[in-house]
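Colleague: Please build the complex by placing chain B on the supplied structure of chain A, with the hints as guidance.
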Amino acid sequence: MAGDASKALSNDVLWGGGRSPFSISYGKMMMWFFLVSDALTFSGLLTAYGFVRHSTTEAWPIGEEVFRALPGLTGSYPLIYVALMTAILIFSSVTMVLAVEAGHRMDKKGVIKWLFLTVIGGAFFVGSQAWEWSHFIHGGGGYITTNAGEKYWVHNDTHDTHDPSNAAGFHLVKAKEGHYLVGDESTHHLDHDASLKLWNDRANYVDGANMVHNEYGPPQYANFFFFITGFHGFHVLSGVAINLIVLIMVVQGVFHRRGHYEMVEKAGLYWHFVDLVWVFVFTFFYLL
Amino acid sequence: MERDDIIEYSLDAHHSEETGRKMRRKIWLVTLFLAVVTTVEVALGAYWKEWMPGSWHLVKWTFVVLTLVKATYIVMSFMHLGDERRNIRAIILLPYALFILYLVFIAIFESNYIHQIWLHLP
Numbered sequence: 001m002a003g004d005a006s007k008a009l010s011n012d013v014l015w016g017g018g019r020s021p022f023s024i025s026y027g028k029m030m031m032w033f034f035l036v037s038d039a040l041t042f043s044g045l046l047t048a049y050g051f052v053r054h055s056t057t058e059a060w061p062i063g064e065e066v067f068r069a070l071p072g073l074t075g076s077y078p079l080i081y082v083a084l085m086t087a088i089l090i091f092s093s094v095t096m097v098l099a100v101e102a103g104h105r106m107d108k109k110g111v112i113k114w115l116f117l118t119v120i121g122g123a124f125f126v127g128s129q130a131w132e133w134s135h136f137i138h139g140g141g142g143y144i145t146t147n148a149g150e151k152y153w154v155h156n157d158t159h160d161t162h163d164p165s166n167a168a169g170f171h172l173v174k175a176k177e178g179h180y181l182v183g184d185e186s187t188h189h190l191d192h193d194a195s196l197k198l199w200n201d202r203a204n205y206v207d208g209a210n211m212v213h214n215e216y217g218p219p220q221y222a223n224f225f226f227f228i229t230g231f232h233g234f235h236v237l238s239g240v241a242i243n244l245i246v247l248i249m250v251v252q253g254v255f256h257r258r259g260h261y262e263m264v265e266k267a268g269l270y271w272h273f274v275d276l277v278w279v280f281v282f283t284f285f286y287l288l
Numbered sequence: 001m002e003r004d005d006i007i008e009y010s011l012d013a014h015h016s017e018e019t020g021r022k023m024r025r026k027i028w029l030v031t032l033f034l035a036v037v038t039t040v041e042v043a044l045g046a047y048w049k050e051w052m053p054g055s056w057h058l059v060k061w062t063f064v065v066l067t068l069v070k071a072t073y074i075v076m077s078f079m080h081l082g083d084e085r086r087n088i089r090a091i092i093l094l095p096y097a098l099f100i101l102y103l104v105f106i107a108i109f110e111s112n113y114i115h116q117i118w119l120h121l122p
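If you read the sequences in order, they're chains A and B.
In terms of the working numbering, the first sequence opens at residue 1 and continues consecutively.
In terms of the working numbering, the second sequence opens at residue 1 and continues consecutively.
Just chain A, with the same shape it has in the complex (with noise of 0.2 Å):
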């Protein structure tokens, strides 16, 4: 920006006293004070991810084959939901940085309209995010542990978990060894009678996740996969709301009155930083 802040000023005149030596309104310094310390926190918890991630010894899900699924379709589409909800998210940055834009310029129209965009796509956000919780939880059928301790996927038609093995198609599926999900459909293929025999058997049934348990690995994936897009997620709803508020007070004229729209940066600069978060949540906890 063609600011104060980008002026050649010498050392007597920035810290002269009378004016802040870092040409920056307090307002946005105590945000970015926020956000440096929001950060760390999210640093913590993703290196606490990657702290269990690599010191088990445990075979850990792979994000490719545990978030594949589109709303209403079936097949597999490896991480395509996800990066959907990532653009969803860029792009309701670049519309947030378009209004930060348009307020510079004093354009009240301007910020509404890309201020608007911007709630529109964090609503969406928190909306894809509320589907990818509810599939992650129901889960694509579970499986069963056998008394010799060898593991069967649950599959049926319905993708009925509550009692599997009465619905249409009903077959288990022999897992592959240390690895989670995707069971071989051709080759380990059981046929009815012999899936109701094991089912009967089994030591225990694992469908969709919990707090206790998953079908996608060790206890700790889920635990994380809740902890950490959770509290993003709230913060991505928090964000919405104070966009919201913000886009209230625009319409209102506070900031026009005001004579600058300081208040859309500071908001912009919460709702980059949600955005910033989640392109480390993608790449560690969904490609990694």
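Just so you know, the hints here were simulated from the structure itself, not pulled from any lab data.
Treat the hints loosely; a few may be bogus.
Derived DSSO-like pairs (lysine-lysine); straight-line CA-CA distance at most 30 Å [claimed, not checked]:
no., chain 1, residue 1, chain 2, residue 2
1, A, K7, B, K60
2, A, K7, B, K22
3, A, K176, A, K151
4, A, K113, B, K60
5, A, K266, A, K108
6, B, K22, A, K266
7, A, K174, A, K197
8, B, K22, A, K109
9, A, K109, A, K266
10, A, K266, A, K113
11, A, K197, A, K176
12, A, K108, B, K22
13, B, K26, A, K113
14, A, K108, B, K26
15, B, K60, A, K266
16, A, K151, A, K197
17, A, K7, A, K108
18, A, K197, A, K7
19, A, K109, B, K60
20, A, K174, A, K151
21, A, K176, B, K60
Modeller: For chain B alone, coordinates are given in the frame of chain A:
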């Protein structure tokens, strides 16, 4: 209520039409760049293993680098930290970087150790 004891440092709060045009152009370019990088990441995650099995380690590091590139563009361009003074940039980035580098180092180091313990449990 107007207060005169607070100096309003909204020094960067305005710019002209022409600067605005330039900024919008830059914003869209950065957007395009971020979209392309994300697409590349998803493609790598989904198909690399089929293309080149056994080189997963390399992909991981590619992801980390691409993520840091993306983060740099978001922070420097969208959050306008690149347009701030150097001293505020340093105050925000350096303590964070220092702490995180230490945290990542200790996490990798210790998790390696614990991994070995798990492996050699009697």
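Colleague: Hint by hint, say whether it matches the structure.
Modeller: We went through each hint and held it up to the structure:
1. A/K7 <-> B/K60: Given pair A/K7, B/K60 is violated - Cα atoms ~41 Å apart, limit 30 Å.
2. A/K7 <-> B/K22: holds (19 Å)
3. A/K176 <-> A/K151: holds (8 Å)
4. A/K113 <-> B/K60: violated (39 Å)
5. A/K266 <-> A/K108: holds (17 Å)
6. B/K22 <-> A/K266: holds (22 Å)
7. A/K174 <-> A/K197: Given pair A/K174, A/K197 holds - Cα atoms ~14 Å apart, limit 30 Å.
8. B/K22 <-> A/K109: holds (20 Å)
9. A/K109 <-> A/K266: holds (19 Å)
10. A/K266 <-> A/K113: The hint holds at about 18 Å.
11. A/K197 <-> A/K176: holds (20 Å)
12. A/K108 <-> B/K22: Roughly 19 Å between the alpha carbons, so the hint for A/K108 and B/K22 holds.
13. B/K26 <-> A/K113: holds (19 Å)
14. A/K108 <-> B/K26: Since the Cα atoms of A/K108 and B/K26 sit roughly 21 Å apart, the hinted pair holds (cutoff 30 Å).
15. B/K60 <-> A/K266: violated (34 Å)
16. A/K151 <-> A/K197: holds (14 Å)
17. A/K7 <-> A/K108: holds (27 Å)
18. A/K197 <-> A/K7: violated (79 Å)
19. A/K109 <-> B/K60: Distance ~44 Å between A/K109 and B/K60 Cα, so the pair is violated.
20. A/K174 <-> A/K151: With a Cα-Cα distance of about 6 Å, the restraint between A/K174 and A/K151 holds, given a limit of 30 Å.
21. A/K176 <-> B/K60: The given pair, whose Cα atoms are some 24 Å apart, holds under the 30 Å limit.
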